[in-house]
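Visitor: Chains as they are written, first to last, in full-length UniProt numbering: chain F, 1 to 223; chain R, 1 to 425.
Do not rely on the hints blindly, as some may be mistaken.
[Claimed, not checked] Covered by chain R, according to a simulated footprint, are these stretches of chain F (three or more residues, beta-carbon under 8 angstroms): (1) 63–76; (2) 92–99; (3) 107–117; (4) 124–131; (5) 180–186; (6) 192–203.
Hints were generated in silico from the structure; no laboratory data involved.
Quick reminder that beta carbons are idealized off the backbone N, C-alpha and C, glycines included.
Here are the chains, one letter per residue:
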Amino acid sequence: MSRSARVGAIAGALLLALAGTAAADAVKLGRPALPEEIKAWDIDVRPDGLGLPEGKGSVAQGEELFQNQCAMCHGEFGEGVGRWPVLAGGQGTLKSERPEKTIGSFWPDTSTIFDYVHRAMPFGAAQTLQPDEVYAIVAYLLYLNDVVPDDYVLSKENFPKVALPNQANFYDDDRETTEKAFWNANPCMKDCKPKVEITSHARVLDVTPDAGKQGDKPAGAVE
Amino acid sequence: MTQTKPETRVDRRRFLSLAGLAGAGAAAGVRPAAAEATPDPDIVNIPEWTQALGAGVNNHPYGIPSPFEKDVVRREVTWLTASSESSVSFTPLYALDGIITPNGLCFVRHHGGEAEIDPARHRFMIHGMVDKPLVFTMEDIKRMPGRTNRVYFLECAANSGMEWRGAQLNGCQYTHGMIHNVVYTGVPLRAFLEAAGVKPQGKWVLAEGADASAMTRSIPLEKAMDDCLVAWAMNGEALRPEQGYPLRLVVPGWEGNMWIKWLRRIEVGDQPWGQREETSKYTDLLADGRSRRFTFIMDAKSVVTSPSPQAPLRAKGPNVVSGIAWSGRGTITRVDVTLDGGRNWTTARIEGPALPRAMTRFYLDVDWNGEEMLLQSRAMDDTGYVQPTKAELRAVRGENSIYHNNGIQTWLVRSNGEAENVEVS
Numbered sequence: 001m002s003r004s005a006r007v008g009a010i011a012g013a014l015l016l017a018l019a020g021t022a023a024a025d026a027v028k029l030g031r032p033a034l035p036e037e038i039k040a041w042d043i044d045v046r047p048d049g050l051g052l053p054e055g056k057g058s059v060a061q062g063e064e065l066f067q068n069q070c071a072m073c074h075g076e077f078g079e080g081v082g083r084w085p086v087l088a089g090g091q092g093t094l095k096s097e098r099p100e101k102t103i104g105s106f107w108p109d110t111s112t113i114f115d116y117v118h119r120a121m122p123f124g125a126a127q128t129l130q131p132d133e134v135y136a137i138v139a140y141l142l143y144l145n146d147v148v149p150d151d152y153v154l155s156k157e158n159f160p161k162v163a164l165p166n167q168a169n170f171y172d173d174d175r176e177t178t179e180k181a182f183w184n185a186n187p188c189m190k191d192c193k194p195k196v197e198i199t200s201h202a203r204v205l206d207v208t209p210d211a212g213k214q215g216d217k218p219a220g221a222v223e
Numbered sequence: 001m002t003q004t005k006p007e008t009r010v011d012r013r014r015f016l017s018l019a020g021l022a023g024a025g026a027a028a029g030v031r032p033a034a035a036e037a038t039p040d041p042d043i044v045n046i047p048e049w050t051q052a053l054g055a056g057v058n059n060h061p062y063g064i065p066s067p068f069e070k071d072v073v074r075r076e077v078t079w080l081t082a083s084s085e086s087s088v089s090f091t092p093l094y095a096l097d098g099i100i101t102p103n104g105l106c107f108v109r110h111h112g113g114e115a116e117i118d119p120a121r122h123r124f125m126i127h128g129m130v131d132k133p134l135v136f137t138m139e140d141i142k143r144m145p146g147r148t149n150r151v152y153f154l155e156c157a158a159n160s161g162m163e164w165r166g167a168q169l170n171g172c173q174y175t176h177g178m179i180h181n182v183v184y185t186g187v188p189l190r191a192f193l194e195a196a197g198v199k200p201q202g203k204w205v206l207a208e209g210a211d212a213s214a215m216t217r218s219i220p221l222e223k224a225m226d227d228c229l230v231a232w233a234m235n236g237e238a239l240r241p242e243q244g245y246p247l248r249l250v251v252p253g254w255e256g257n258m259w260i261k262w263l264r265r266i267e268v269g270d271q272p273w274g275q276r277e278e279t280s281k282y283t284d285l286l287a288d289g290r291s292r293r294f295t296f297i298m299d300a301k302s303v304v305t306s307p308s309p310q311a312p313l314r315a316k317g318p319n320v321v322s323g324i325a326w327s328g329r330g331t332i333t334r335v336d337v338t339l340d341g342g343r344n345w346t347t348a349r350i351e352g353p354a355l356p357r358a359m360t361r362f363y364l365d366v367d368w369n370g371e372e373m374l375l376q377s378r379a380m381d382d383t384g385y386v387q388p389t390k391a392e393l394r395a396v397r398g399e400n401s402i403y404h405n406n407g408i409q410t411w412l413v414r415s416n417g418e419a420e421n422v423e424v425s
């Protein structure tokens, strides 16, 4: 090896060693993920439909599946049992004192229903539904929310065309402009308001878990 | 690490000015220290723990708190949720001090119950818009270069969410207890992304957990490459199962739901995925019926933890008002405290480390004469953000937002020492 080639080899080795401190690649950690492995975990579905599996399902098929596997928590018509989530109704309530946030009244993206039912439902038996079953349940939920007619068949092909009513009413975080007033170098320290009145008591609502039972009854102890 | 200067002596002028509530003659009602007429039996009699031998060194191979602290536990608000597998428990902030939350008291939020995972069977995958999709074992992860330790708060976006329409819950455990603050050990997420090689189109990552909710959140690539950690330890020991053992994502300063527990997958893509927890949940419904999304940052916030409804004052005279402050935008630089519902404020002393995106402890030493107090604290961070009042927040956002309530909390401390959650004009 010539002198210059040797210097080059040393410099090269040095560069490799330096790179080795920065990237896992150089220390040979991890291994290539196999296509089958990626396919097994990569079940997410995006609003543009990317990730949807092949398949289809009708409102009628969805109704049967829903009554058997979902209605015990969500109610026959998605109205919700007890405190379990309400899935249908609530249109026009978002500005009211008690907004009801359902698929039809609130959710922006149809893809979210598919993705979530597929990955996490039924509660306690996640990822047991086949793609055709998920299409059918989503079709039934869209029907319950007056988004599709009762003879609708949802499929990978027509999925991106189904839009939810509240989609346009979401916008990105704008606190740094709309709440600019909260940045204030000199907040008031003295005589900030003429008088102070109590406007609301937690006691009136009485929704605190029973503190007595927990052995920390918040009684005052000043003599 | 920025360490604040410890204050070794009480600022007498400040102490007295607070006592001004009472005036100079505040001694009335204060129990004099020298008034005991008979000797204290706990001094003159020999107690059993002084006479008999105690338990051996390995009585509890994994140590537990004193039985006298048995009430210092996480608690649920059972009416909040339909099932405890998709629910939340609250950190007992009223009983804690300093800045580090003990592992067993860190609040818990699950969406599909607590996954119990054998670390030998846990895998972590990076794929999507990368040159080389990779799979790592836990052993691989712990061999990665660039291991780091960082203290961060984790606050649920819904912390104080029950208080939007008015004072509801009596106790900072319930009003503010969806927060904890620990030191994480892990490797920057950036190291894994660089190992896989992010393609130029990559703009977002999707993080996914291995639990029964397969929790997923979209995170901007910029944040993923900045300060996110892939962590396996908290406060020096392995993550607790309820905190994502064996692996969780740390997303400093951003809402807790994004800190995916039982982390198994990072996918790189060119747009967000519109997952359930970033569309139907964790979006902020405003008064006009429209909703903000991607409200990731947790704004500056603080609360007095003692006195508070679960931690009443026990005596007149000297008392310590203690509280915590934090900001997802940076470092807490100042906390002011008022005893009169916001008419007049005094700057509290920040005590102990004040770290970026970490819980910060403040104290105000007061001499209390037994008059009613309306206690509040107001946090400021190094971006100049000042914690707003609840009224200021509602003026911008209405009352239906559920999430991101960082308004100033008021405790009414009655003359008997009892404290109550109230709101003031």
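Visitor: Could you run down the list of hints and mark each one as holding or not?
Guide: Verification of the supplied hints:
1. Check result for the segment 63–76 of chain F against chain R: violated, 1 residues qualifying (beta carbon to beta carbon below 8 angstroms, three or more required).
2. Residues of the segment 92–99 of chain F lying with their CB closer than 8 angstroms to a CB of chain R number 4, which satisfies the three-residue condition for coverage.
3. Remark: the segment 107–117 of chain F is confirmed as covered by chain R, as 7 of its residues place a Cβ nearer than 8 angstroms to a Cβ of that chain, reaching the required three.
4. Chain R is given as covering the segment 124–131 of chain F, and this holds because 3 residues of the stretch bring a CB closer than 8 angstroms to a CB of that chain, at least three being needed.
5. For the segment 180–186 of chain F, the stated coverage by chain R holds: 5 residues have a C-beta nearer than 8 angstroms to a C-beta of that chain, and at least 3 were required.
6. A count of 11 residues in the segment 192–203 of chain F with a Cβ less than 8 angstroms from any Cβ of chain R is obtained; the coverage claim is therefore met, three being the minimum.
Of the numbered hints listed earlier, the single one contradicted by the structure is hint 1.
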